[in-house]
Amino acid sequence: MPVTLRQPGWSRASASMVLGLAFSYALSIGARAILGYDPLLDGESVMRIALISVPFFFLVGLGCFSYWFRWASGAPTVPEDHSGHGAKSWKSYFYPNTDHKVIGIQYVVTSFFFMFVGGLLAMLIRAELAAPGRQFVDSNAYNGLFSVHASLLIFLFIIPVFAGLANYVLPLMIGAPDMAFPRLNALSYWLLPVAGTMMMLSFFAPGGSFATGWTAYATLSNTAPLGQEFFTIGVQFAGASSIATALNFLVTIITMRAPGMSFFRMPLLVWANFSTSLLVVIATPFVAASQFFVLLDRSLGFNFFDHGQGGDVLMYQHVFWFYSHPAVYIMMLPGFGIVSEILAVKSRKPVFGYRMMAFSLLAIVALGFTVWAHHMFVSGMQTWIRVPMMVTTAIIAVPTGIKIFSWLATMWKGVLKLDTPMLFTMGFLTMFVLGGISGVMLAMIPLTIHVSDTYFIVAHIHYVLFGGSLFTIFAGVYFWFPKMTGRMYDEKLGKLHFWLTFIFFNATFAPMHVIGVQGMPRRVADYAEQFASWNLVISLAAFGTGISSLVFAYNMVASWRGGPRAESNPWRSLTLEWQVSSPPPIFNFDEIPTVVGGPYEYGVPGAVHGVFGGSPTTAGPGRRGPATTAGAPSA
Amino acid sequence: MDAAVPLAGAHDTHHHGPPEANRSSRVDPQLLGMLLFIISEIMVFAAFFTAYFFIRIVGENEWPARGTELPVLVAGVNTAILLSSSLTLHWAQTSVKNGNRFGLKAGMFTTFLLGATFLLVQVNEYVHIGFSPADHAQGSVFYGLTGLHGAHVFIGLLLLGVVTVRSFRGHFSKEEHRGLEIPGIYWHFVDVMWIVVYTTIYII
Amino acid sequence: MGEERRGSRNSRTVVVEMFVIGTVASLAGIALGSAIEWFPAQASSQAGPIDTLWDVLVICSVPIFVGVVIVVVYAALLFRQRPGEENLDGPPIHGNTTIEIVWTVLPALLLVVLCVYAYVVLLDIEQKPAQAATPEMKIDVYGEQFAWTFKYAGANGKPFTTTQLYLPQDRSVKFDVHSKDVIHDFWVPAFRMKIDAVPGITTAYRVTPTKLGIYPVVCAELCGLGHAYMRQTARVLPTDAFDTWLEKESAEDNPPAGGKPVAGGATGATGGGGSDAAEGDAG
Numbered sequence: 008m009p010v011t012l013r014q015p016g017w018s019r020a021s022a023s024m025v026l027g028l029a030f031s032y033a034l035s036i037g038a039r040a041i042l043g044y045d046p047l048l049d050g051e052s053v054m055r056i057a058l059i060s061v062p063f064f065f066l067v068g069l070g071c072f073s074y075w076f077r078w079a080s081g082a083p084t085v086p087e088d089h090s091g092h093g094a095k096s097w098k099s100y101f102y103p104n105t106d107h108k109v110i111g112i113q114y115v116v117t118s119f120f121f122m123f124v125g126g127l128l129a130m131l132i133r134a135e136l137a138a139p140g141r142q143f144v145d146s147n148a149y150n151g152l153f154s155v156h157a158s159l160l161i162f163l164f165i166i167p168v169f170a171g172l173a174n175y176v177l178p179l180m181i182g183a184p185d186m187a188f189p190r191l192n193a194l195s196y197w198l199l200p201v202a203g204t205m206m207m208l209s210f211f212a213p214g215g216s217f218a219t220g221w222t223a224y225a226t227l228s229n230t231a232p233l234g235q236e237f238f239t240i241g242v243q244f245a246g247a248s249s250i251a252t253a254l255n256f257l258v259t260i261i262t263m264r265a266p267g268m269s270f271f272r273m274p275l276l277v278w279a280n281f282s283t284s285l286l287v288v289i290a291t292p293f294v295a296a297s298q299f300f301v302l303l304d305r306s307l308g309f310n311f312f313d314h315g316q317g318g319d320v321l322m323y324q325h326v327f328w329f330y331s332h333p334a335v336y337i338m339m340l341p342g343f344g345i346v347s348e349i350l351a352v353k354s355r356k357p358v359f360g361y362r363m364m365a366f367s368l369l370a371i372v373a374l375g376f377t378v379w380a381h382h383m384f385v386s387g388m389q390t391w392i393r394v395p396m397m398v399t400t401a402i403i404a405v406p407t408g409i410k411i412f413s414w415l416a417t418m419w420k421g422v423l424k425l426d427t428p429m430l431f432t433m434g435f436l437t438m439f440v441l442g443g444i445s446g447v448m449l450a451m452i453p454l455t456i457h458v459s460d461t462y463f464i465v466a467h468i469h470y471v472l473f474g475g476s477l478f479t480i481f482a483g484v485y486f487w488f489p490k491m492t493g494r495m496y497d498e499k500l501g502k503l504h505f506w507l508t509f510i511f512f513n514a515t516f517a518p519m520h521v522i523g524v525q526g527m528p529r530r531v532a533d534y535a536e537q538f539a540s541w542n543l544v545i546s547l548a549a550f551g552t553g554i555s556s557l558v559f560a561y562n563m564v565a566s567w568r569g570g571p572r573a574e575s576n577p578w579r580s581l582t583l584e585w586q587v588s589s590p591p592p593i594f595n596f597d598e599i600p601t602v603v604g605g606p607y608e609y610g611v612p613g614a615v616h617g618v619f620g621g622s623p624t625t626a627g628p629g630r631r632g633p634a635t636t637a638g639a640p641s642a
Numbered sequence: 012m013d014a015a016v017p018l019a020g021a022h023d024t025h026h027h028g029p030p031e032a033n034r035s036s037r038v039d040p041q042l043l044g045m046l047l048f049i050i051s052e053i054m055v056f057a058a059f060f061t062a063y064f065f066i067r068i069v070g071e072n073e074w075p076a077r078g079t080e081l082p083v084l085v086a087g088v089n090t091a092i093l094l095s096s097s098l099t100l101h102w103a104q105t106s107v108k109n110g111n112r113f114g115l116k117a118g119m120f121t122t123f124l125l126g127a128t129f130l131l132v133q134v135n136e137y138v139h140i141g142f143s144p145a146d147h148a149q150g151s152v153f154y155g156l157t158g159l160h161g162a163h164v165f166i167g168l169l170l171l172g173v174v175t176v177r178s179f180r181g182h183f184s185k186e187e188h189r190g191l192e193i194p195g196i197y198w199h200f201v202d203v204m205w206i207v208v209y210t211t212i213y214i215i
Numbered sequence: 209m210g211e212e213r214r215g216s217r218n219s220r221t222v223v224v225e226m227f228v229i230g231t232v233a234s235l236a237g238i239a240l241g242s243a244i245e246w247f248p249a250q251a252s253s254q255a256g257p258i259d260t261l262w263d264v265l266v267i268c269s270v271p272i273f274v275g276v277v278i279v280v281v282y283a284a285l286l287f288r289q290r291p292g293e294e295n296l297d298g299p300p301i302h303g304n305t306t307i308e309i310v311w312t313v314l315p316a317l318l319l320v321v322l323c324v325y326a327y328v329v330l331l332d333i334e335q336k337p338a339q340a341a342t343p344e345m346k347i348d349v350y351g352e353q354f355a356w357t358f359k360y361a362g363a364n365g366k367p368f369t370t371t372q373l374y375l376p377q378d379r380s381v382k383f384d385v386h387s388k389d390v391i392h393d394f395w396v397p398a399f400r401m402k403i404d405a406v407p408g409i410t411t412a413y414r415v416t417p418t419k420l421g422i423y424p425v426v427c428a429e430l431c432g433l434g435h436a437y438m439r440q441t442a443r444v445l446p447t448d449a450f451d452t453w454l455e456k457e458s459a460e461d462n463p464p465a466g467g468k469p470v471a472g473g474a475t476g477a478t479g480g481g482g483s484d485a486a487e488g489d490a491g
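Chains as they are written, first to last, in my numbering: chain A, 8 to 642; chain B, 12 to 215; chain C, 209 to 491.
Calculated from the structure, these hints are not laboratory results. It should be emphasised that the depicted structure is a prediction, and the values quoted were computed from it without experimental measurement. Misleading hints may appear alongside valid ones.
[Said to hold, decoys possible] To give an idea of the chain A side of the interface with chain C (calculated C-beta under 10 angstroms), a few residues:
(1) Ser80
(2) Ala82
(3) Tyr224
(4) His314
(5) Val447
Beta carbons are placed, not taken as given, at the ideal position from N, Cα and C, and that holds for glycine.
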């Protein structure tokens, strides 16, 4: 056997996938022979087994499990020479790596790739909807477009990109040399391209891609063509990745904080990811189970959702939303963390009401588990569940409101540096409030009876996930770009990106409130004449949003290749990740720093957060009083 | 691109390894990780129990389905078999800590055998139970929950198999027996979960 | 508090100014919110309370949004970093317990009030009308891919099914909604009410049509290929016209309940949509 096939890598992974395919054929034919089915070769069954097994063969071939196999067998493990740690060239990013910084960049770049794919699908959706009647695609393809659009952007963009950003900065922030389980971290990353590729490949499945929405309600999903299983199984891989990362974050945060870093000295981004990870570990298994049910119903003739045999159709929605409502917070809480970091640094003020900020995160986690059925007000479930869910849903706006007001108070009387990250943060504040307000409206059952499953919902979810989550993602990417790449981004292009996005985003999604209340249902390839003019406006604005993302892509690529070198602490931040070089050294710290104060003590004379070997790290000569033009902060 | 090439700066000195991470908690990271993983596992079971709840309680379906019978007694004996495997595993774990190699080997071997027996009895039950998951929702729930648990037993057995072979090859010692501890926690979890499954499916 | 930065203004003037602008902007926003024709025609007695609830929610929401925007914009205008302030820090304000309690309690109170109000509206729109003169009419609605059929009790004990939804004016109608395949959602936007058609269970709601006219019936839950084309019409007729129609339909020999409706019969369906639905049934 050639050496390349024995060593972990892409050659072995490819060969291994062929082997996996052969295994799927063998297992399917063998099982059918034993159970006496005819014919022996069944394409769907082979495909189903292949969807589950080939990814594992791929991961084994790539070497994601090599170390564990050796360790479990008791064979001498490769001594810790850190050969798989840190990137040596751009090629290192295409192999499993144990460095959380490499993994963070892998995560962010991969999820942005999926963002562009999902965005492209959105452009196709809007092209189809630009006028009533059929434009470019038939209704099956259309249903596939919005289903894959939502699934990619939720499971492979928003959730993992936050995990990626946190992967990069969180260990640095708490003064840890790496995550608690670096190999598990590498595996979590490599599950993502697997899941994403699977969802994209569904377009080539016989019968077309999955077309039942990202919610994949039974009984539509367990009678849909084979493409559905690319979602059903793909979500399992994305979910496993989520759970593994969350577990890793929790253990890292609990066991690896620098000396002196008590829970109430942690930056709020760490708090946010702590809360998010709790949600993921507890809730994500439910979406896995809901898809197991669908898979069992489809492949082995189970009757979970067959009412004729005693199954319960609504059970799917209860199980699904028990995950997918907390998932909304999984997609928002890390953004809250990013916003807290940026607002404090860019306003040069401590975060207002730090403890309340931390407690409100935990309150959202707890309340988040008690509101799932507000997605089911018109589902035909037991009517008595509705009112308690309305109350809890409304109450969850209270901790969210605390956060909004505290951020406003953080800005007030500060010294605001209105650069790109700050603009996106302020854009987030205003847009997320709109999304939150329509959310409170949707808690009110009588109104929801009218507007559920309309474009009002589409508007609401995009104000929360685009105006909310995506704005914080952009803010975070710009904010940590110097740290991650060692280069500065182009400020002019960044501001251009913000204003284009802000304007076109509103032009796209604000009118959807109107057509929704007027009675346009969502997920339709065709609509009544009365909605035609608004839809044309929306489509044109959507293309503008699409173009604005190209500005972002150009800025990122060009600045990464040839932007000016970044200082170690260009924002004069106090938190630990800015106290090391940009990008940080391979093991983050020469020695673990000691934390001696809060993370946001801006404006407090002589305040320090972390100390390296006895020398305090201050955020440059920051102070109160008349302005002078002091030199750049010392690194 | 050059993301990991440290720039000339205050911290750019030669490294040969990471600095030792600070231990901010007395809890062992591996143990904590395993516990969190088990919380996740419990939630998977919880979702399947939700299906059970909706189909049996909310849907008011007969339990077990009309004309079928669950072998409570056989499954009860099987429960005893699985529970005793937890005891023998504990014996093996205590033995290795005391340096008793015979106890380790015998304990692991018995544990493995008991676990495999449980799985065989379960498969035998499937063959003779007289209904399939395709017959009715009760069957789906029965096969769903016991099958989910069986899959966990199977994975647990794979882990225990490796541990057993290793203990016969002379691996593990008084000082280093983590390779036995971590699968052990998992196996105990699988056993405890079975008590819940057995109670809800067979007894109530 | 503390010393003021160069260029910053007297804080009391600023607050007054913000308050005035905020009030004006809120009033303008509420005016705009009332000017927009949000809802389709109010064709049922349920529509009124829901539309009023919406107006109340808009009136409560606009000042909150305006307030946040004004604070953000004013912060950007007043406190932005000016040349020469690159190394300046803000005052180290860590919090204020009073104000934090206020912005926890006040929104909570507002939300509780809104919930109570919404609950009252909910009871109102779902209650059975008390009038005894005209007994409530019951219509069974069947959703299937991709059309609705309606089963009437009939004029003289002769039930019939039709794909036409005719309703009498000012008489309460209870829809019992069923599904023959996957989940659908029976929605007449002009009546405001909707409920999923779920296989295996019967769901229901009631409306009292109040306004004569023709209104679209749509499916609001993704149900497969032809979901977008699952559109029909509801006609609200005067009572006597409705009775005439009912007798005529009862007299005709209609297929029994569950008869296959015309898939392409949904209004507004393009030819392509109809053929899609016919050839590519997801089941």
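These are the hints, each one checked on the structure:
| no. | hint | result |
| --- | --- | --- |
| 1 | Ser80 | 47 angstroms, violated |
| 2 | Ala82 | 51 angstroms, violated |
| 3 | Tyr224 | 6 angstroms, holds |
| 4 | His314 | 2 angstroms, holds |
| 5 | Val447 | 7 angstroms, holds |
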